[in-house]
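Number of protein chains: 4
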Amino acid sequence: MIIVLKHDATQEQIDHIIDRIKGLGLAVHVSEGKEKTIIGAIGDESVLAEQPLEILPGVEKVMPILKPYKLVSREFKADDTIIDIEGIKIGGREVQVIAGPCSIENLEILQETASMVKAAGARFLRGGAFKPRTSPYAFQGLRDEGLKYLLDTKKKVGLPVVTEVMDPRDLELICEYTDIIQIGTRNMQNFRLLTEVGKTRKPVLLKRGLSSTIKELLMSAEYIAAEGNDKIILCERGIRTFETATRSTLDISAVPVLKEETHLPVIVDPSHAAGRWDMVPPLAKAAIASGADGLLIEVHADPERALCDGVQSLKPEKFDELMKVLRKVAEAVGRTL
Amino acid sequence: MIIVLKHDATQEQIDHIIDRIKGLGLAVHVSEGKEKTIIGAIGDESVLAEQPLEILPGVEKVMPILKPYKLVSREFKADDTIIDIEGIKIGGREVQVIAGPCSIENLEILQETASMVKAAGARFLRGGAFKPRTSPYAFQGLRDEGLKYLLDTKKKVGLPVVTEVMDPRDLELICEYTDIIQIGTRNMQNFRLLTEVGKTRKPVLLKRGLSSTIKELLMSAEYIAAEGNDKIILCERGIRTFETATRSTLDISAVPVLKEETHLPVIVDPSHAAGRWDMVPPLAKAAIASGADGLLIEVHADPERALCDGVQSLKPEKFDELMKVLRKVAEAVGRTL
Amino acid sequence: MIIVLKHDATQEQIDHIIDRIKGLGLAVHVSEGKEKTIIGAIGDESVLAEQPLEILPGVEKVMPILKPYKLVSREFKADDTIIDIEGIKIGGREVQVIAGPCSIENLEILQETASMVKAAGARFLRGGAFKPRTSPYAFQGLRDEGLKYLLDTKKKVGLPVVTEVMDPRDLELICEYTDIIQIGTRNMQNFRLLTEVGKTRKPVLLKRGLSSTIKELLMSAEYIAAEGNDKIILCERGIRTFETATRSTLDISAVPVLKEETHLPVIVDPSHAAGRWDMVPPLAKAAIASGADGLLIEVHADPERALCDGVQSLKPEKFDELMKVLRKVAEAVGRTL
Amino acid sequence: MIIVLKHDATQEQIDHIIDRIKGLGLAVHVSEGKEKTIIGAIGDESVLAEQPLEILPGVEKVMPILKPYKLVSREFKADDTIIDIEGIKIGGREVQVIAGPCSIENLEILQETASMVKAAGARFLRGGAFKPRTSPYAFQGLRDEGLKYLLDTKKKVGLPVVTEVMDPRDLELICEYTDIIQIGTRNMQNFRLLTEVGKTRKPVLLKRGLSSTIKELLMSAEYIAAEGNDKIILCERGIRTFETATRSTLDISAVPVLKEETHLPVIVDPSHAAGRWDMVPPLAKAAIASGADGLLIEVHADPERALCDGVQSLKPEKFDELMKVLRKVAEAVGRTL
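These protein sequence lines are chains A, B, C and D, in that order.
1 is the number of the first residue of the first sequence in the numbering used here; add one for each residue after it.
1 is the number of the first residue of the second sequence in the numbering used here; add one for each residue after it.
1 is the number of the first residue of the third sequence in the numbering used here; add one for each residue after it.
1 is the number of the first residue of the fourth sequence in the numbering used here; add one for each residue after it.
Derived by calculation from the structure, the hints in this document are not laboratory data.
Misleading hints may appear alongside valid ones.
Note that identical chains are pooled: a pair holds if it fits in a single copy or bridges any two copies.
[To be verified] Here are the computed lysine-lysine pairs in the DSSO-like style, where the Cα-Cα straight-line distance is at most 27 Å:
hint, residue 1, residue 2
1, Lys199, Lys154
2, Lys61, Lys36
3, Lys318, Lys6
4, Lys6, Lys259
5, Lys156, Lys315
6, Lys324, Lys77
7, Lys215, Lys202
8, Lys328, Lys318
9, Lys89, Lys77
10, Lys34, Lys118
11, Lys6, Lys202
12, Lys61, Lys215
13, Lys77, Lys6
14, Lys259, Lys34
15, Lys315, Lys259
16, Lys259, Lys318
17, Lys156, Lys324
18, Lys315, Lys118
19, Lys6, Lys61
20, Lys259, Lys324
If we strip away everything but chain A, and leave its shape as in the complex, we get (with noise of 0.2 Å):
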């Protein structure tokens, strides 16, 4: 932690703040410049993370000097995790495309979907049973009965599932029916929620919050993962400007950034971030040519009359189409789908 002190701190207020940091048990270095002075606080710096020194008189800033995530860094764990699941990997060399409809409706459709994105190379099913509604007066999901047709699908169609969970009531039923969890934008800080999921044992997909920063994401995966869970894959799906051409704006930096930063898996969700059928598939290509490694994408088998999110599925035929293109980009930057 470096301490930089206003230009006019006096002499007692310098010897106020060491003796905090002292007081703390840390060593101290103060250093003198031609123009300000700054102290140094070295040992374990997540002591003085919660210290308010910033209100300490003479403070100009406080600036730390380690990452607040531990666990999810590539400083802890160099080496890419690689989730299994039913013998399919998330994070290895090869690409996986997670798609289906947006929330699940009936038996009918959900079969008819999986089945073609399944034809189409599509390695899992997605499927919302609840669903967060801006509107109080929107479809809100099937619920338990929605969860029963997922488990159905899986089986007559055999790709593994992934749906929502939003509330620590629900994660016990849930955990029964899906083989991935996954963690909304708008919980990605629902702290007590991330806290459950990690006490599972299921591989957790956690979603981007609309205006969270990536350091934010990586602190909300540490949440998951100090509780034991590391089967983490973070998903970035469309942070939230100024910009109105799309519903969010993909930031498709994120992806190196968290491949840098971090260990886990990290996928791209276009339909969300575009909020537009007819932007997924050039974001799609995008993604993965940035490095990510999977999709998640909306494929409803009639998008004219899904009850949620029809505007941004595509239907299974551009799916299919943008599945042969994914491949090429794929191999392009070395990897496969």
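Use these hints to put chains B, C and D onto chain A, whose structure you have.
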């Protein structure tokens, strides 16, 4: 709902769009302009809200006419909602100040702080027992014990209390101890929690999400109101922008915009917005001047030793000075405090 | 400058970094922490500011200690700069209001508006002769003719005037006609224009860029000051965020932050921030309450027929009402108006 | 134009609105819905664009139907614009790479860099003679001398060149030396400069502003086109958001959105977007995969000693490696490089 067609939409496409809208029970009006044809869908717009009309071939864009919220809108109820809590009115001519520490740390400091903020003119005590923290390694609150300290302090000092709920499983317990339930920034779109809180009859302090629009804040309030609980206090607490000089950017315009859009009371939290105690007084004055119905201010008897948010907490003496000026500002704009 | 090394930096890399810093004439202090080694470069930090130290192998991040601006900083000059324009002081105890139409459209409306804002208490007249417009097809201002109307009005009504310069080629002409030169939002980082304006001795009203940080605003002021012109009035006018309820988001916190960081006067333009006339009064009151030294408000004798920004212009009667309340708010915070 | 009325608009207000619209020569269609009345103004919408209709009593909101740009829109011209510069085509099937140093520092490094980027496959050389710098104390470019070096290098190495204009007074000179005129990020809304550049017949590389919407970028292109110059290359270079892991957030979605909205070529500058050389390769690959027509990449023979933006410059070897992969990515999406 206005549907703007692409300049090259075919008659077949137009007919298909008209059929879809009529099939939903709405009337249609087609207007052929010089450059664009537009279709007006007349009737209950909420029927259309869920339909992915943008996806229909020939459609360029869809523009809703109505607001997506209803119960909380000024159109639904023209008069200001005034919430009476133990005889103290929020939303009326009198500006109310809620003050206290970020988190409850021990009974002594809580009571000391409570006495001092009461003496300075605060009418409610705030204090967190369950704390959402970015880091899993940070102090997470005293939980049940904290709630007991809060109730003890309420009895002893005589201020009604506000505390945050983060998890539906804690709601029943928290309701026993608090006068106002706070929904924090990170839970503004925790829709399950909103629904549960809506089923209680406790006043709710709903904080705006870091990257939530004013419209989304009102949609979250609508979730609570839709369950029958209309005692909702909205709280502007800063939004996330590119500026880093303050922790968040206080969106002061949200105050007059909300006062126009909704009948609910609107308060401001300058402490979390600024993230620095020295910026709290100017922002608190600005909030009252802009028409806020109240303030939520962090005050701590010993900020240097606070376990949470000490950096942004005012000392009781500073709070007392501030209250004196706030009283004058309130009078300048025709309010009392 | 603090250089934090990667956890696996080699001794060879460290030596190379130290050599580079010493080669620039600075002293070096190496501190080996438990987890990270950091290097402090001691001496004239501006020498290092231009060096791409981040690119050196083994460097994780570089953290500057000093602020990049100097002449405009509060550290350089502790006392408030007060700018005297024809006997009217900006930056002192008295809050000053600049009012008038967005653009000069004809002599009659300008003089009518000028007389009315003067009667209400405004001390300066604003009016654009050269207008930056998003659309090439929109009214671009009366240019030279507008400047003549402005001078006529100044003589007749007796208010010093403010007008915008967009192009270095117009500067000489504009200087003949105006008392304060305005640099608009879109030109805040037009560095050539800043330099030219810095060479004049006219007071400059420098508006913050739509997406400029406070630090960048101060750097742009430094451009002007570096040429010898220190009569700079900073203007917060709203920043671009995701919120669309108002045209920009007024960053009210910028007022106290700037008052702390710099000795220059700080004013607020609530009209451009809000983009709607009905939001101007609450924002104007908030600005004064937060400590602004003045306001820039659009007033038009007939907003319905304004050629530019009519939507955000106050009618003279509304402005008069507002000024009465602003006077009380100014007094509440120890100022006059 | 659609005008939505307030729910309590009076007949008198409605009549006044209708009179205003008819008075401007447009036809009116009134539609009374269940909850709201809306007025459609039919005819030349640009007549209304300048009118402050929102200010008329009884109006809730005004929704334009048409796009504000015309000449640059895909509706105006369906086929891709292909710009031919000395036989090299920008906007066609071949992806073009522009590479070179941020600023021209001396003839030797410029020529060395130019030879190397040419050998790697770049088709244009970039290099700044006039540099916009945030700090007045930073290197501002070699100016006239730099232009001479650029021309010398062009002759010697045989690459057409791109350089930036910041001031209308330099335009004539720069036109003599360059093949493509660059308008930088900070000048995207320097409307006077856009107009002057529009009067030349030189190809223009127009960079998106840091906080400019895609619509505003197109409006700035319209300024140039309105003067008769349609040789405009649009450049996405990252926007300002809350994320600080990269200097800007590359808005990769802007590529497909622009390709749909306009017939102009679209390129991407990954160097300025990332602000770190190690992120340039993944972003460059993503740009090509998303459909960009070209790239603008900073390459410097000795980044450690660059006077400007060394942190984000690739070494020639790294650039060469990158070009090899970019070629494969281009082929994967049906392009060549």
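Verification of the hints:
Proximity of lysine 199 and lysine 154 under a CA criterion of 27 Å is satisfied intra-copy only: 25 Å inside one chain copy versus 36 Å between copies. Taking the shortest alpha-carbon separations for lysine 61 and lysine 36, both the intra-copy value of 11 Å and the inter-copy value of 20 Å come in at or below 27 Å. Within a single copy, lysine 318 and lysine 6 get their C-alpha atoms only as close as 60 Å, which misses the 27 Å cut-off; across copies the closest is 21 Å, which meets it. In this assembly of identical chains, the alpha carbons of lysine 6 and lysine 259 lie at most 27 Å apart only when taken from different copies (16 Å versus 38 Å within one copy).
Within a single copy, lysine 156 and lysine 315 get their C-alpha atoms as close as 21 Å, which meets the 27 Å cut-off; across copies the closest is 53 Å, which misses it. In this homomeric assembly, lysine 324 and lysine 77 never come within 27 Å of each other (Cα to Cα): the closest approach is 34 Å inside a single copy and 31 Å across copies. In this assembly of identical chains, lysine 215 and lysine 202 lie within 27 Å of each other by CA distance solely inside one copy; the values are 23 Å within and 36 Å between copies. Both within a single protomer and between protomers do lysine 328 and lysine 318 lie at most 27 Å apart by alpha-carbon distance, with minima of 16 Å and 23 Å respectively.
With identical chains, the CA atoms of lysine 89 and lysine 77 are at most 27 Å apart within one copy only, with a shortest distance of 18 Å there and 47 Å across copies. Within a single copy, lysine 34 and lysine 118 get their C-alpha atoms no closer than 66 Å, and across copies no closer than 46 Å, so neither meets the 27 Å cut-off. Taking the shortest alpha-carbon separations for lysine 6 and lysine 202, neither the intra-copy value of 50 Å nor the inter-copy value of 33 Å comes in at or below 27 Å. In this assembly of identical chains, lysine 61 and lysine 215 lie within 27 Å of each other by CA distance both inside one copy and across copies; the values are 20 Å within and 15 Å between.
In this assembly of identical chains, lysine 77 and lysine 6 lie within 27 Å of each other by CA distance solely across copies; the values are 14 Å between and 39 Å within a copy. Taking identical chains as interchangeable, the C-alpha atoms of lysine 259 and lysine 34 lie at most 27 Å apart only when they sit on different chains, with a minimum of 25 Å there against 40 Å within one chain. Taking the shortest Cα distances, lysine 315 and lysine 259 sit within 27 Å of each other only across copies (22 Å), while inside one copy they are farther apart (31 Å). Proximity of lysine 259 to lysine 318 under the C-alpha cut-off of 27 Å is restricted to the inter-copy arrangement: shortest distance 19 Å between copies versus 29 Å within a copy.
For the identical chains of this complex, lysine 156 and lysine 324 are intra-copy neighbours only, at 25 Å inside a copy versus 44 Å across copies, given an alpha-carbon limit of 27 Å. In this homomeric assembly, lysine 315 and lysine 118 come within 27 Å of each other (Cα to Cα) only inside a single copy, at 14 Å, whereas the closest approach across copies is 43 Å. Both within a single protomer and between protomers do lysine 6 and lysine 61 lie at most 27 Å apart by alpha-carbon distance, with minima of 8 Å and 23 Å respectively. Proximity of lysine 259 to lysine 324 under the C-alpha cut-off of 27 Å is found in both arrangements, the shortest distances being 25 Å within a copy and 22 Å between copies.
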